[in-house]
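The chain contents come next:
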Amino acid sequence: QKEVEQNSGPLSVPEGAIASLNCTYSDRVSQSFFWYRQYSGKSPELIMSIYSNGDKEDGRFTAQLNKASQYVSLLIRDSQPSDSATYLCAVLRSSASKIIFGSGTRLSIRP
Amino acid sequence: GEEVAQTPKHLVRGEGQKAKLYCAPIKGHSYVFWYQQVLKNEFKFLISFQNENVFDETGMPKERFSAKCLPNSPCSLEIQATKLEDSAVYFCASSQPDRTWQYFGPGTRLTVL
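From first to last, the protein sequence lines are chains A and B. According to the numbering used here, the first sequence is numbered sequentially starting from 313. According to the numbering used here, the second sequence is numbered sequentially starting from 26.
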């Protein structure tokens, strides 16, 4: 079992709709959770971080964390073609430790 | 600087040759991380530093890979006697000591022929 699991996609969503990305992790002591966006040929870009159970909203993005279920999700509202990218779920056990990445979900927003 | 800088952008080596990659972390960031990304977005952690000290080297293939972060110099990742399977994009990331998130550099694409 991988430490961080994501559906590889591709996930195709019409423009203007809500895109929902999911991630599960296996290490219960993990403390910090991130979503990175990676465009093809580019470096990962941090878009959301979440540390406690519940929802965290930032603009069109909402991250959700459920530590009991070891589940993290990212919602993108009013999806735009520019949101088409690979979204990487990332987990950190503690500050300054290595990031464990999922294999990424490829999101495609169709006009 | 305000961004993680990595050089070179691309590096091509024949099998068996040496490759050396460089990373300058964001000013004020005391932690540096190296990751290897191969096909299908699989990221592999290699090594991390706290200032010039190795913090975690559990991901390093020790036979051919080495890394340093010396004071007042860019950090480096060196691969002796490269193999075909070393072909990947190598990302450097840095973070502040009291922060959990890591900022990534643009990466160095290494191609071993």
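Accuracy of the hints is not assured; some may be wrong.
As the list claims (entries may be wrong) - Derived pair list, reagent style PhoX-like, types lysine-lysine, alpha-carbon separation capped at 20 Å:
| # | chain 1 | residue 1 | chain 2 | residue 2 |
| --- | --- | --- | --- | --- |
| 1 | B | K45 | B | K93 |
| 2 | A | K314 | B | K34 |
| 3 | A | K354 | B | K34 |
| 4 | B | K87 | B | K34 |
| 5 | B | K93 | B | K52 |
| 6 | A | K379 | A | K368 |
| 7 | B | K69 | B | K52 |
| 8 | B | K69 | A | K354 |
| 9 | A | K314 | A | K379 |
As the list claims (entries may be wrong) - Label-pair distances were calculated between CB atoms; the ranges are:
| # | chain 1 | residue 1 | chain 2 | residue 2 | range |
| --- | --- | --- | --- | --- | --- |
| 10 | A | N378 | B | S98 | 40 to 46 Å |
| 11 | A | Y383 | B | N97 | 42 to 48 Å |
| 12 | A | S394 | B | L95 | 24 to 30 Å |
| 13 | A | Q343 | B | N78 | 46 to 52 Å |
| 14 | A | E327 | B | P122 | 40 to 46 Å |
| 15 | A | S406 | B | K87 | 20 to 26 Å |
| 16 | A | E357 | B | H35 | 48 to 54 Å |
| 17 | B | Q75 | A | V341 | 18 to 24 Å |
| 18 | A | L323 | B | E27 | 44 to 50 Å |
| 19 | A | S420 | B | V79 | 38 to 44 Å |
| 20 | B | E28 | A | Y383 | 30 to 36 Å |
Hints were generated in silico from the structure; no laboratory data involved. Cβ coordinates follow ideal geometry from the N, Cα and C atoms, glycine included.
Structure-based check of each hint:
With a C-alpha separation of about 11 Å, the suggested pair B:K45 and B:K93 falls inside the 20 Å cut-off, and the hint holds. A hinted pair counts as satisfied when its Cα atoms are at most 20 Å apart, and A:K314 with B:K34 does not qualify at roughly 30 Å. Taking the CA atoms of A:K354 and B:K34, the gap is about 11 Å. The hint holds against a cut of 20 Å. With a C-alpha separation of about 24 Å, the suggested pair B:K87 and B:K34 falls outside the 20 Å cut-off, and the hint is violated.
Pair hint B:K93 plus B:K52 holds up; C-alpha atoms about 17 Å apart against a cutoff of 20 Å. A hinted pair counts as satisfied when its Cα atoms are at most 20 Å apart, and A:K379 with A:K368 qualifies at roughly 14 Å. Pair hint B:K69 plus B:K52 does not hold up; C-alpha atoms about 25 Å apart against a cutoff of 20 Å. Under the criterion of a C-alpha separation no larger than 20 Å, the hint pairing B:K69 with A:K354 is consistent with the structure, at around 17 Å.
Our distance criterion of 20 Å between C-alpha atoms is met by A:K314 and A:K379, whose separation comes to about 17 Å. The hinted window of 40 to 46 Å between A:N378 and B:S98 holds, with their beta carbons roughly 44 Å apart. At about 44 Å, the beta-carbon gap between A:Y383 and B:N97 stays in the expected band of 42 to 48 Å. Checking the proposed 24 to 30 Å range against A:S394 and B:L95 shows it is violated: the Cβ atoms sit about 40 Å from each other.
Judged by the Cβ atoms, the range 46 to 52 Å given for A:Q343 and B:N78 is violated: they are separated by roughly 23 Å. A beta carbon spacing of about 42 Å between A:E327 and B:P122 agrees with the range 40 to 46 Å that was offered as a hint. Hint check: A:S406 to B:K87, Cβ distance near 24 Å, so the stated range 20 to 26 Å holds. Checked against the given bound of 48 to 54 Å, the beta carbons of A:E357 and B:H35, roughly 21 Å apart, lie outside it.
Distance hint for B:Q75 and A:V341: a CB-CB separation of about 21 Å, consistent with the stated range 18 to 24 Å. Take A:L323 and B:E27: their Cβ atoms lie about 33 Å apart, and the range 44 to 50 Å is violated. Between A:S420 and B:V79, the C-beta spacing of about 41 Å keeps the proposed range 38 to 44 Å intact. The supplied range of 30 to 36 Å is met by B:E28 and A:Y383, whose beta-carbon atoms lie about 33 Å from each other.
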